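Asker: Modelling step: build the complete structure from the supplied sequences, incorporating the hints.
Each chain, letter by letter, is given below.
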Amino acid sequence: MTKLNTVKWNHYLNYIVVAAITLLFAILSLTGFLESSDKYLLEKIAIAITLAVSLSMVVGFLGELSLGHAGFMCIGAYLGGKTAVILEPILGEWPTLIVSLLVGGVVAAVFGMIIGLPALRLRGDYLAIVTLAFGEIVRSVFMNSSKESFGGSLGLDTPRFNKDILFIIAFVMVLATLAVTQNLIRSKHGRAITAIRDNEIAARATGIDVTKYKLLVFTVSSFFAGIAGVLYSYSNFTVQSTKFSYNYSIEILVMVVLGGMGNINGAIIAAALITFLDVELQTILTGNLAVLQDLIYALILIVLVVYNNAPKLKSFREKYNIKALINRFRPHNPSKHRDDEAKWDRVPTKIKMDEVLSVDLQVSSPYTPDKAGKEDK
Amino acid sequence: MSKVVLKTENLGISFGGLKAVQNLNLEIKEKQLYGLVGPNGAGKTTVFNMITGVYKPTTGKFWLDGEDLTGKGQETINHRGIARTFQNIRLFNNMTVVRNVMVGLHNQPEYKCGVLTSIFRLPKHFKIEKAMRERAKEILDIVGLLDERNSLSCNLPYGKQRKLEIARALATNPKLLCLDEPAAGMNPHETEDLMSIVRRIRDEYGVTILLIEHDMKFVSGLCDEITVLNFGTSLVQGPPEVALNDPEVIKAYIGG
Numbered sequence: 001m002t003k004l005n006t007v008k009w010n011h012y013l014n015y016i017v018v019a020a021i022t023l024l025f026a027i028l029s030l031t032g033f034l035e036s037s038d039k040y041l042l043e044k045i046a047i048a049i050t051l052a053v054s055l056s057m058v059v060g061f062l063g064e065l066s067l068g069h070a071g072f073m074c075i076g077a078y079l080g081g082k083t084a085v086i087l088e089p090i091l092g093e094w095p096t097l098i099v100s101l102l103v104g105g106v107v108a109a110v111f112g113m114i115i116g117l118p119a120l121r122l123r124g125d126y127l128a129i130v131t132l133a134f135g136e137i138v139r140s141v142f143m144n145s146s147k148e149s150f151g152g153s154l155g156l157d158t159p160r161f162n163k164d165i166l167f168i169i170a171f172v173m174v175l176a177t178l179a180v181t182q183n184l185i186r187s188k189h190g191r192a193i194t195a196i197r198d199n200e201i202a203a204r205a206t207g208i209d210v211t212k213y214k215l216l217v218f219t220v221s222s223f224f225a226g227i228a229g230v231l232y233s234y235s236n237f238t239v240q241s242t243k244f245s246y247n248y249s250i251e252i253l254v255m256v257v258l259g260g261m262g263n264i265n266g267a268i269i270a271a272a273l274i275t276f277l278d279v280e281l282q283t284i285l286t287g288n289l290a291v292l293q294d295l296i297y298a299l300i301l302i303v304l305v306v307y308n309n310a311p312k313l314k315s316f317r318e319k320y321n322i323k324a325l326i327n328r329f330r331p332h333n334p335s336k337h338r339d340d341e342a343k344w345d346r347v348p349t350k351i352k353m354d355e356v357l358s359v360d361l362q363v364s365s366p367y368t369p370d371k372a373g374k375e376d377k
Numbered sequence: 001m002s003k004v005v006l007k008t009e010n011l012g013i014s015f016g017g018l019k020a021v022q023n024l025n026l027e028i029k030e031k032q033l034y035g036l037v038g039p040n041g042a043g044k045t046t047v048f049n050m051i052t053g054v055y056k057p058t059t060g061k062f063w064l065d066g067e068d069l070t071g072k073g074q075e076t077i078n079h080r081g082i083a084r085t086f087q088n089i090r091l092f093n094n095m096t097v098v099r100n101v102m103v104g105l106h107n108q109p110e111y112k113c114g115v116l117t118s119i120f121r122l123p124k125h126f127k128i129e130k131a132m133r134e135r136a137k138e139i140l141d142i143v144g145l146l147d148e149r150n151s152l153s154c155n156l157p158y159g160k161q162r163k164l165e166i167a168r169a170l171a172t173n174p175k176l177l178c179l180d181e182p183a184a185g186m187n188p189h190e191t192e193d194l195m196s197i198v199r200r201i202r203d204e205y206g207v208t209i210l211l212i213e214h215d216m217k218f219v220s221g222l223c224d225e226i227t228v229l230n231f232g233t234s235l236v237q238g239p240p241e242v243a244l245n246d247p248e249v250i251k252a253y254i255g256g
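Going down the list, the sequences are from chains A and B.
Counting in the numbering used here, the first sequence runs from 1 upward without gaps.
Counting in the numbering used here, the second sequence runs from 1 upward without gaps.
Quick caveat, the hints were computed from the structure, so don't treat them as lab data.
The structure presented is a predicted model; accordingly, all values stated were derived computationally and were not measured.
The reader is advised that the hints may include incorrect statements.
[Stated by the list, open to error] Taking lysine-lysine pairs in the DSS-like style, the calculated list, with each CA pair at most 30 Å apart, reads:
{"no.": "1", "chain 1": "A", "residue 1": "212", "chain 2": "B", "residue 2": "19"}
{"no.": "2", "chain 1": "B", "residue 1": "72", "chain 2": "B", "residue 2": "112"}
{"no.": "3", "chain 1": "B", "residue 1": "130", "chain 2": "A", "residue 2": "212"}
{"no.": "4", "chain 1": "A", "residue 1": "212", "chain 2": "B", "residue 2": "112"}
[Stated by the list, open to error] Just a few of them, taken from the derived set where beta-carbon distance is under 10 Å, the chain B residues facing chain A:
{"no.": "5", "residue": "2"}
{"no.": "6", "residue": "71"}
{"no.": "7", "residue": "76"}
{"no.": "8", "residue": "93"}
{"no.": "9", "residue": "100"}
{"no.": "10", "residue": "103"}
{"no.": "11", "residue": "168"}
For each residue, glycine too, the CB sits at the ideal point set by N, CA and C.
Answerer: So this is what it looks like as structure tokens:
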């Protein structure tokens, strides 16, 4: 239907890169070059990317702050894990995996929809508190479950899966998440979602069904969080509720924020980097040095926040960034602009980084839709 | 006599003890250019907010094409055919100009396309995207923003942002287009230009237009009929040259 020249290849760049990386590691893994710790790391990275991309839909594109993403993941992990435990002896390895992925995803999506309902009435900080409470409630429900149902505080033991293949499946899930998220965002529905983020009152007045789209985003986002949870349960052999605490939700949020809100590629890179750092630091810093891990992690965050926001570093930033370097070799030519080539994922940040991290910074970005503006006529 | 598009009967709203608008009776006929004028705080924007569903009227009712829309939500009212612009511009700032208009086209039946169609990138998705873009360009051409279609809407100058708001409202294919101070902040040249755009919209699209404006030259040059509001009640209704010269109206504006 479409002519080749209307297909914007750079829209598909991130699929290609992720697919290429997956293929590379798949070959390495099947030829036996990868150690089990590498495979573990890759699984963790894939799970983190799935989480970050799905959260970025809520935070970056819908513009609502959700602090309960780990809660959806928790639901997926427990229910998917339990399904796997029950079905494993009956169905065998592969069908069990597929069914449990679906069960985990769908149940999490249903809860996402339920959480989406108050999201229609609450805004900003209030919604953040509701989602935060939701995550904690989910966690404590599973923690206090009986030993027979979900393992209680000891955790739920889940079936094993061939480790050579599991990370490949995890990356296929990353590709699926990417495809759904980007196709949704780069369509008329995505336009409606970003319209709600940019100006909810105008979106309503333009006839956009705000209720429908908020529910849709929450549902799709938690579906993928649920799938990430199921993958987590397969990757760890055991699901423990302590993992899905408030801190983990924040960690996912930090991935999205570091990547630049509304920037899917950024979220992917940030998720991979943070997870890599996390796992590597865990192995390097052992014993008494383990306390340093949080410190280094925090330092990186602070440096990044200050670097991105400090007014005195502005000229330095503008001079030395990748875009400026590229432009030095390939001068920008506005007449070459084709029809509507502007990016879909231009950074919006209704939620500012310093707000999220509670850092007090003087200057904010020039594009900050006023929060107070929502109340007036 | 031509058809009545918007009819309000005893429309009123109070906020606590404050009666912002009372007993407003309007009858706007098809293809009419209707003006709503009055001093600051007279309740003009409140009237807009009531007929577009932002506020629910406390008394009275209003009908669009004979359909009672009192108390309906903003989305529903927009789907039925009332579109508006805002006094303080409300564009989708992080989107390009053409996409702003495409958001306006979102609910048109000819561009209907399910979420799954978009996610799985069925051929229909591409067809509709293309059709929407072409249509958006046509609408942008009317308000004279075609050349700026790929710039971000927040980078447009003020006057053009106002025109873009009109284009976006027009994209929802309204029967009644409500313009809230469309000429505010424009220089005389831009105002002239805007007048011809508003006339064109009325003539080519057959849209009935209700507008709030302080620029009396704009109002008297454009409107067929006006209502003067003061303290939430209508003072005079009639053709602009008659209504604006009414002693009551002059008193309301100048005082004394």
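Asker: Taking the hints in turn, state whether each one holds.
Answerer: Verification of the hints:
no., hint, verdict
1, A:212 x B:19, "violated, 35 Å"
2, B:72 x B:112, "holds, 23 Å"
3, B:130 x A:212, "holds, 24 Å"
4, A:212 x B:112, "holds, 15 Å"
5, 2, "violated, 26 Å"
6, 71, "violated, 15 Å"
7, 76, "holds, 9 Å"
8, 93, "holds, 5 Å"
9, 100, "holds, 8 Å"
10, 103, "holds, 5 Å"
11, 168, "holds, 6 Å"
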